[in-house]
Structures are given as structure tokens and as C-alpha cells.
Amino acid sequence: MRTPVDSTPSTDLLRLDRVRKSFGDHLVLREVDLSIEPGQCVVLIGASGSGKSTLLRCVNLLEVVDDGVITFEGRDITDPRVDGDEVRSRMGMVFQAYNLFPHLDVIGNVTMALRLVHGVKADEARSRGMAMLERVGLAAKAQARPDDLSGGQQQRVAIARALVANPRLMLLDEVTSALDPELVGEVLDLLTDLKSEGVTMLLNTHEMGFARDVADQVCFLHDGRIHERGRPEQVLGDPQEERTRTFLSRIRA
Amino acid sequence: MLKTPRRASRRHLAVVTLVSAAIALSACAPTDEDDSGTDSGSDTSSSSESEASAADGCTPDAMETVADGTLTIATDDPAYEPWFVDNDPTNGKGYESAVAYAVAEQLGYTQDQVSWVKVPFNKVVQPGPKDFDFDVNQVSITEARRKAVDFSSGYFDVVQTVITNKGSAIDGATSLADLADAKLGAQVGTTSYNAIVDQVQPSTDPAVFDTNDQAVQALKNGQIDGIVVDLPTAYFMTAVQLDDGVIVGQLPLPDGEPEQFGAVLAKDSPLTDCISSAVDTLREDGVLDQIGQEWLAQQGAPELS
Amino acid sequence: MSDRVGTAWQPSEVQSERDEWRRRRTIRSAAIAAGSTLLLLGVVGGAVVSSPGWERVKETYFDWDKAVSSFPAVLEGLWLNIRVMALCAVLIVVLSLTIAIMRTIRGPVAFPLRLVGTAYVDIFRGLPLLLVIFLLGFGGPALSLSGLPTSALFWGCAALVLSYSAYVAEVFRAGIESVHPSQRLAGRSLGLTYGQTLRHVVLPQAWRRVIPPLMNDLVSLQKDSGLIAVLGVVDAIRAAQIETAIDFNYTPYVVAGFLFCCLTIPMARLTDRYARKKGYHGAGGHL
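Protein chains in written order, with our numbering: chain U, 1 to 253; chain L, 1 to 305; chain V, 1 to 287.
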């Protein structure tokens, strides 16, 4: 049953209404409601397997939802008639395992989408790509292969790749979880800068410090729905729900 | 340090095994070793011997045939007309079948004492032991082949003939020069192939096939312009196998001895002289001509200049 | 405390002893290996050469004069093999890649394509190559389809292409499916279409991975190219056969074999070198 889309004009950039997703018999997302305004940074927390990655992939149309509506820029993107590639080209996604293209060098990775999807000419794509690499501090590595870089560097390239086409929304799936502790900082610093530049972000993370400092909203995902949401000082500092408290106590070493 | 002696002894064992195997293999000597040693020396002596015993030794009891008391004759499968009929050598019909039975009769074998085996043409002319006493399969006698096998006296004079499809590029050719640009085909290792290369000498290399059937198929498909085969086979191909086959003409006979078909025997076979003298007798008595009249009554073909 | 590169490090006495022991043992093992190999080769070689059959074998298979006289004809035949292989290899890559992509397209809409791809592979891997060559080489022109050439070379190459594409398609398919799905996800997440992801992300990675097995098939094709000789074209093997029919000396076959090896062995070593560059280390190393 389709939830009627709210007819009142919304300022939300992204909105999820009663999104449901299961894999076979396993119900991952039950009834997820979420909204993000432009410029906001929303952090998802929750136990592993709680559906955080699935949620991000649903937003990015990498998975097809079983029910519910996802509205992006005022448009229902879960409508099957919508061109998924076009929607995805206006979002940027960064993965836990970086997923850089090993057969291209760094600048090739960054400029691929510009050339193939956004129709940018090669030289302009290259200059925009180099500018973005400067931005993330890796201009010197433009000709390097992804395998030659450290984990933190690869992740920063992945962020540059997602960011270079000026997406309206950035989706970041546990982008620091695969990194050595000393490299986590450089990535988080970059994300903090992006936030201050007004990039809209939806991210999963275990980094509570980052959530506290940078997020506008923290959502605790449990049992397929957002169990508790609110400002970080409230959800992280003084959680209302029992389960939120249990979860947070387990995270804090 | 402790492991080394065991590993070394295993290695030595391997070496010894390999060496023994090599020695065992090299002990396999070719079976006709003795023959090759005495080949050059005994030519005259053995032939004079067998001439003397030709009359006596050429009976079913005396001849050292593959199977006692039976004459085993070989030919190809399928066996074509006009050499055989209905692919059945035992019916005595067809030129070669008739000649084979005539030779058998000459040597004293009854029809029941003749048995047939099938051997492909390409295998017959190879050196090595044979499973038959002699083979009749349109095999031309050549010096090269004599190095590998024995031949009886010739029982048929061969004329190489060019055939083609009606209306093809070489239909109506009257001289070898007309064939200069033709793509001709022949079976591998045959005198027909040699005829193309040595006599016709076309500008394109001839196509070479494993069997005459495949050459016919290629001719039907228009992949080649013509085939070179002996005259009776040419008649068969153009009359029966091809829809629009025509005979272009016969190649001029090469200088020297005319080409002849002969029965093939294993090299230095004890039966060669018996078979040869049988064929010679048939020729002298006019039997070969009779058989030829019965099975090969054709007009002949225009000679290409 | 930093250990600057300039300061010379001297091995301790224990280490020196170890190095010395290892060095001596390496020399000893190498000497034993070399010695026993030479001895074995010498004994085997000597046994073979002095065996009673050797003269005959040498005459029949290793006659130098015959080798020299038959060499030009066999080499000319080999040139046909090479040309056939080169042309067919290109066509095979194109066709097999198409089939592989047809088999890996996702989505219910693509079912007919997947079906055709699977059927093609099943049929042409099921039919013996020689059979396909006969079917197409003799049967094809017999159909007299207008517009199609009748030449034996054309149909022979067609048979090779159709037959080999089935095998190579499976190799490509394995390569495509070995590319991690996260690569495809990354491509799609950037907004690339299915086709763009396939072409720019998956295939470049897939084909690099399957170069060793592809090389294997290429070497195999080099040899199978000779089978079209049954259609009447004269390749190296047929040329050798014609030469042997002259005097039943089989040296031309040895010559042809030698020439084929000259072609395929460098190809094999090239593949090894490429694979090593890509990081497949194989033998070597400490353990």
C-alpha cells in the first residue's frame, strides 16, 4: 500500500516515508521515516546488521524498496518510471571498502563520471578533478594507482570521486571503519570541512566523537526502524530509550 | 642435515629407475633389422631363387599367406566403380575385383578361399607390415613407393584425366596452357597430385584432400575448378557422382614407362613374385583385356596438348 | 634513536656462521643437481643413440637433408596457419565477448539473450571441431546461399571462429563474474548506466584477469588451425604430408612439429612474463 505523498511543499532535500526492505525472509527495514534538509549532516548509528548500509543503498537506488516512498529534491524517486542513473548522478556515495577502480589511476577514477555521465570535456574534467584532489590534499598522487595508496588516501580519493560532480547529497557508508586508527582522523577532518561548506550528508559511522561534533541529527536504527532521533547531545548524551542506552554502552569501550 | 641422506637416496632411486627404463626402451629394435642389413647384398640371389620356385611355390599350400590356405586381399571402403560394384568386392564384379579373383584362380585358390579386408588408400602405401597378402586399389607403381612397399606387375595402364563441371572456367580446355590458371584438386600422396605439380604446373597451388570423395565435394561446391584422377574413375565421377560433370581431357603420358596400377604387397613379401607372375600370365593369355572389355568399355578422352 | 642509512651494519658472528653454512649447502645442492642431471642425460642419450633401432629412427625422422629440402614447403604452409590464426583470433574475441556479455546481462528482460548465449555455448562446445569443419566446409557451400563465398578457407575459418568462441566466451564470462560486485556498485552509484559500467569498469578488469587462459586458447587455436587442411587448403601439416609421400621419410613431420613449437613456446613465455608482472608469483620465494 503506497503512502500518499505529502502534498504540502517540503523544504526537505531527502525524505523517507515508511520505507520497507527485506531480503528473502529477512526483514531489514521495517518502517523507516527520515528527513534531511539541505546542508544538514545526519548520522545513522546502530548495531551491525541493523540495516544502516541497506538504508543508504535504498536511498541511492542500488536496492529496490519493497514499500514506502523516498522523495529526493521533491521527486518520488522510488517510482519505477524514474531514471535511476540520472538520480544517482546527483548523489555521491562512498563505500566502506573504497571501491576505487584498480585499472585506472587516481585522476582517472575521479574524472570518470564527469566525462561519461555529466558530459564534461576531457580537459575541463581533468582540471576539475585536479582541483578536487587538491581539496582533499592528494594532488601529488594524481598519477598513482589506487593500490599504491594507503587506506586513508584511498578513501579520500573515493570521497573526491563522489564529490567532484557537485552532488546534492553525499551518502557515506562507514567510511572510516576499514581504516587504521591513525588514518581515521584525516578522513574525518575532510568530512568536517565538507560540513562547514554546506554539503548535505547522510552517513553511517561508529565514530561517536565525530557525530557529537559535526552532526545536526543522530538517528538510532534498531529493529528496522528509527528507534530514537534528535540532536547529538541528546541522543548520545542523554538517550531516552532503553535500547539506545544499551547500544551506546556497548560501543564505549 | 638429518633429512638430507633420505632425500638423496630417494633421488638416486629415481635416477636408477629412469636409466633402467631408458635402457629397456632402447632394447626395442625394429623387427626387420636383419633384412635391412642384408638388403643390398641379396637382391640378385633371392630373385633367381624365387624365379626357380615360382611355379612350385605359388600354390595355396606353399604360399606364406597371412591366413593359411586363404588369400587375403585388401581394398578401400567405399570401393568405387568401375573397379568394384556395389561396394562389395566379393561379388567379382568390377575391373579390380575381377582381376583379383582371376589372380586367385591362377594361383589355385577357389572363390571361397579368398577373403577381403578394408584398408584406406593412404595407409596401404606406407612402409610397415600388412594385414593382407596384396591390395588392389588403383595404386600406381612408382619408384618412391617401391621404397616402402612391393608391387606386382602392372595390371592396368593409367591415364591421368582432368574433370570439371559443365560451364566452368576450364570446360572446353584443349591444352595444358588452358589449365594454367585453374585451381585443381587431387588426393594427397597420389600420382594424380604429382601430375598436377609436374605436368600441368598451374599458377595456383593445387588443393589437396584426404580422399577423392572430398575432392568431389569441393568440386561440387565450386571451391575448385577441376580434379585429376585416372580415366575410369573420371568416368565414374562425371557420370555418377557429379551432377554436371564433364571430362576435359587426358594428360599427355609422361616420357618413359607408362604409369600402371599394381597390386601392393608388404615390402620384400615372399608372395610378390607369385602375384606378379600370375598377373603376367593373365596379361599374356588376354584375360586382362577381356576383363577390361567387360568393365571398362569407354571411349577414352581427348588428349590435352 | 634513528638508524641512518649511512651507518654500516656488520653481521654478528652467529649470522656470519649461518650465512656461511647456507652458502656451502646451496653450492653442494646445486652441484649435485647439475651433476645428476648431466649424468642422467648422458646415460639416457647414450642408451638411445647406441640402441639397435637408432639408425632407422634417425633416417626416418631426423634426416637432415630431407629436413632442409622440405623446409620451404612446410614453412609456406605454416604461413597459412599463422594468417588463419591471426584472423580467427580477432573474430573469436569479438564474438566470444558478445556471447559472454549476453550470458551475464541481468534482469528478466534479458532472458532471451541469456538463453541464446547458453544455447550457443552448449552446442558449439558439444560438437567436435573437426565435425564443425566438415559441416561448414563442405556443407556450407553446398547450400549455395547467395552472397556467401564458397572458398574452403572462408568456411574453415568460420568453423574455427564459431567453435572456439564457445570456449573463449566461457573464459570471458568467468572473468566478468570474477570482478567483485562492489565494483559494479561503485560504477552505478556514480550514475553510470549498466552498459557504461560494463564497458568502463567491469570489462577492463575482467579481460586483464583472463589473459593467461586466453593465451592458452590462442596457443590451442594455433594448432587447430591446421585442421582446415581437410577442406583442401595446404597448411604446414598437409605440406609435410605431401613431402613425406614422396619417399616415406617422416622428417617433414618433425620439421612441422618443430616450427609449431617455435611459434607456441615464445607465446607461452610471454604469457608467463605478463602474469608475473601482474603479480601471479607462482614458484619462487622462501617457503
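If you're looking for bench data, these hints aren't it; they were derived computationally from the structure.
Remember, predicted model here, so these are calculated numbers, not experimental data.
Here a beta-carbon is modelled for each residue, glycine too, at the ideal position from N, C-alpha and C.
Each hint should be verified, as a subset may be incorrect.
Derived DSS-like pairs (lysine-lysine); straight-line CA-CA distance at most 25 Å [unchecked claim]:
| hint | chain 1 | residue 1 | chain 2 | residue 2 |
| --- | --- | --- | --- | --- |
| 1 | U | Lys141 | V | Lys58 |
| 2 | L | Lys118 | L | Lys267 |
| 3 | L | Lys267 | V | Lys277 |
Examples of chain V residues toward chain U, derived with CB under 8 Å [stated by the list, open to error]:
| hint | residue |
| --- | --- |
| 4 | Thr104 |
| 5 | Ala186 |
| 6 | Leu190 |
Out of the numbered hints, which ones does the structure contradict?
-> Those not satisfied are hints 1, 3 and 4.
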